[in-house]
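Hey, can you work out the whole structure from these sequences and the hints?
Take a look at the letters that make up each chain.
Number of protein chains: 2
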Amino acid sequence: MNGYNVAVVGATGAVGRTMLRILEEQSFPVKRILPLASSRSEGQTVEFMGCTVRVEEAKPSSFEGVDIALFSAGKDVSLTLSPEAVKRGAVVIDNSNAFRMDPDVPLVVPEVNPQDLHKHRGIIANPNCSTIQMVVVLKPIHDRARVKRVVVSTYQAVSGTGLEAIEELKLQSRQVLEGQKPEPSVYPHQIAFNLLPHIDVFDDTGYTMEEWKMIRETKKIMGDENIAVTATTVRVPVLNCHSESVNIETYEKVTPEEARRILAGAPGVVVMDDPANKVYPMPAYLSGKNEVFVGRIREDFTVPCGLNLWIVADNLRKGAAYNAVQIAEYLVKNNLV
Amino acid sequence: MNGYNVAVVGATGAVGRTMLRILEEQSFPVKRILPLASSRSEGQTVEFMGCTVRVEEAKPSSFEGVDIALFSAGKDVSLTLSPEAVKRGAVVIDNSNAFRMDPDVPLVVPEVNPQDLHKHRGIIANPNCSTIQMVVVLKPIHDRARVKRVVVSTYQAVSGTGLEAIEELKLQSRQVLEGQKPEPSVYPHQIAFNLLPHIDVFDDTGYTMEEWKMIRETKKIMGDENIAVTATTVRVPVLNCHSESVNIETYEKVTPEEARRILAGAPGVVVMDDPANKVYPMPAYLSGKNEVFVGRIREDFTVPCGLNLWIVADNLRKGAAYNAVQIAEYLVKNNLV
Numbered sequence: 026m027n028g029y030n031v032a033v034v035g036a037t038g039a040v041g042r043t044m045l046r047i048l049e050e051q052s053f054p055v056k057r058i059l060p061l062a063s064s065r066s067e068g069q070t071v072e073f074m075g076c077t078v079r080v081e082e083a084k085p086s087s088f089e090g091v092d093i094a095l096f097s098a099g100k101d102v103s104l105t106l107s108p109e110a111v112k113r114g115a116v117v118i119d120n121s122n123a124f125r126m127d128p129d130v131p132l133v134v135p136e137v138n139p140q141d142l143h144k145h146r147g148i149i150a151n152p153n154c155s156t157i158q159m160v161v162v163l164k165p166i167h168d169r170a171r172v173k174r175v176v177v178s179t180y181q182a183v184s185g186t187g188l189e190a191i192e193e194l195k196l197q198s199r200q201v202l203e204g205q206k207p208e209p210s211v212y213p214h215q216i217a218f219n220l221l222p223h224i225d226v227f228d229d230t231g232y233t234m235e236e237w238k239m240i241r242e243t244k245k246i247m248g249d250e251n252i253a254v255t256a257t258t259v260r261v262p263v264l265n266c267h268s269e270s271v272n273i274e275t276y277e278k279v280t281p282e283e284a285r286r287i288l289a290g291a292p293g294v295v296v297m298d299d300p301a302n303k304v305y306p307m308p309a310y311l312s313g314k315n316e317v318f319v320g321r322i323r324e325d326f327t328v329p330c331g332l333n334l335w336i337v338a339d340n341l342r343k344g345a346a347y348n349a350v351q352i353a354e355y356l357v358k359n360n361l362v
Numbered sequence: 026m027n028g029y030n031v032a033v034v035g036a037t038g039a040v041g042r043t044m045l046r047i048l049e050e051q052s053f054p055v056k057r058i059l060p061l062a063s064s065r066s067e068g069q070t071v072e073f074m075g076c077t078v079r080v081e082e083a084k085p086s087s088f089e090g091v092d093i094a095l096f097s098a099g100k101d102v103s104l105t106l107s108p109e110a111v112k113r114g115a116v117v118i119d120n121s122n123a124f125r126m127d128p129d130v131p132l133v134v135p136e137v138n139p140q141d142l143h144k145h146r147g148i149i150a151n152p153n154c155s156t157i158q159m160v161v162v163l164k165p166i167h168d169r170a171r172v173k174r175v176v177v178s179t180y181q182a183v184s185g186t187g188l189e190a191i192e193e194l195k196l197q198s199r200q201v202l203e204g205q206k207p208e209p210s211v212y213p214h215q216i217a218f219n220l221l222p223h224i225d226v227f228d229d230t231g232y233t234m235e236e237w238k239m240i241r242e243t244k245k246i247m248g249d250e251n252i253a254v255t256a257t258t259v260r261v262p263v264l265n266c267h268s269e270s271v272n273i274e275t276y277e278k279v280t281p282e283e284a285r286r287i288l289a290g291a292p293g294v295v296v297m298d299d300p301a302n303k304v305y306p307m308p309a310y311l312s313g314k315n316e317v318f319v320g321r322i323r324e325d326f327t328v329p330c331g332l333n334l335w336i337v338a339d340n341l342r343k344g345a346a347y348n349a350v351q352i353a354e355y356l357v358k359n360n361l362v
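If you're matching them up, the sequences are chains A and B in order.
Counting with this note's numbering, you get residues 26 to 362 for the letters of the first sequence.
Counting with this note's numbering, you get residues 26 to 362 for the letters of the second sequence.
No lab work stands behind these hints, which were simulated from the structure alone.
All values reported here derive from a predicted model rather than from experimental measurement.
Note that the Cβ used here is the ideal one computed from N, Cα and C, for glycine as well.
Worth double-checking, as some hints may not be accurate.
To be verified - Covered stretches of chain A (chain B as the covering partner; in silico rule of three or more C-beta atoms under 8 Å from a C-beta of chain B):
1) 195-202
2) 213-220
3) 245-258
4) 261-274
5) 304-312
Structural data, given as structure tokens:
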């Protein structure tokens, strides 16, 4: 065995670049790396394992001989090119929203439902960033006490929108500090020193697609249609790492002490919860980490069995690229590719 | 009637300065304005009605002849000087946490419980900023459908901490943009491009005092000990205006349409809820407004009678100075001073 041919579709984007870094960090057995992107990015180069690699335009023929294709180039690209990649024998791990709710496509967070990978038919969906970090924490509590209802409010970083949103936040912040009026471009309104209760598009219920993703994907990943989730998703002027205020009700009582103990032993979770010493997860300090961080673990005194949690994770890593590479690692380990 | 002698204690602070502006804007019948502060600020001047007025050191004798004293100089100053002001015949409207939960002190939001002002014994407490903007919106819904439980997550601006926190956010933002490492001073951690799930001090339950204020003050202002509130309060890198993601359960069903109608007719509330046209309240655009803005009004499908709301208000105005001046106006109108 001398490794796999791995394509990264959207290799010049925020998630694609992070995928390349994580493949390196994890010493993933890459025989050949194929950075792909739209024709606009053709001719750009990316670095991989000390080599400079030219970015090629993603097209059906690009996937000849590819074993694993990591897609993060938006829904339309995934819809068009994933079937072409599968047709040519690749397994696709898709970071877009294109296939997540397709009953034939596993939607996987390896700490939560790796078993679903055994049923894949060529395409595996990587969940929404804000959903991933929440379910990693919910799962061990669900196993112990069964989660009944979740009320989540998010505080989402601009990196989730892409590199151009990071530049927009920086540019607008400079403009506001210099007394100038920022001109929104990526976002519909100023993001610097502001909050936008608007991520993805609205539907007739008044919810955004981002909110529906958290509601629907949580049930599918956790394998329990009875987990009731309501969500309010908000963009905040933070560069990277999503944060979430999560209120949960369970069927059985879990004390904060027990929750801390369960979570401290859970895969992929770091408990960071010592408020007396001002220790709690904060986005500006957790960029570059692969784990999900949880703190502010408290009893919710308004219900018989309730907890409040504060969850932070690097949305480009655990929320996207790292989760995708974890899936690839599981596939390799279990001969599913 | 030729007006009242009005003292503003803490006149050089963020709330004190706003109190002076609002007394002007509201054409409050001021006979004489007395800007008071600690000895550190003595000799500074403030502007009032086109005049430059010297700030005096606040001491017991300062309150001779004062009719109304607006306090916003912290709990210790309120504990020491409010009784002295009352002894000398002034009515105190106190913005600190010193007397809020004292059963003999009315805790008032004029849109919610003005009747409580008739029982005052010299001191009236102005509620916590994040509580005020929430109860203004909860009250009309409570009157219609009785609020059972509230799960609130806040997104609080740095102006709530004071002028020095505004400067810290600006300075640190410049430093981060220039690639420097910010040195926290006002806050325990970097606030620029970061979130601090920590406002005021923690107690043994893991809650902060800010969270307890929202839980306890809501019951007292609404006059209903059965309203169950749980809260997670978070400082965000926004200069001014607090935002809140509020999930409520009611005993009777209220549709989003009805909630919009009720709130549109409620005093002090502006419904800003047209997501299809990207209209929802945002803190950077609502600084300087006295009303409470509500949008993202949606049904919570996880309970029989639930709503999600997004509430934004200028925390220095409706959350502090404007509410205090509204109380003073009610006192004057009802001969309670």
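Checked hints:
1. Here the segment 195-202 of chain A counts 4 residues with a CB under 8 Å from a CB of chain B, which clears the bar of 3, and the coverage holds.
2. Residues of the segment 213-220 of chain A lying with their CB closer than 8 Å to a CB of chain B number 7, which satisfies the three-residue condition for coverage.
3. Coverage of the segment 245-258 of chain A by chain B holds [criterion: at least 3 residues with CB-CB distance below 8 Å; count 4].
4. Judged by the Cβ-Cβ criterion of 8 Å, the segment 261-274 of chain A is covered by chain B as claimed, because 7 of its residues qualify and three suffice.
5. Counting residues of the segment 304-312 of chain A whose C-beta lies closer than 8 Å to any C-beta of chain B gives 6; at least three are required, and the coverage claim holds.
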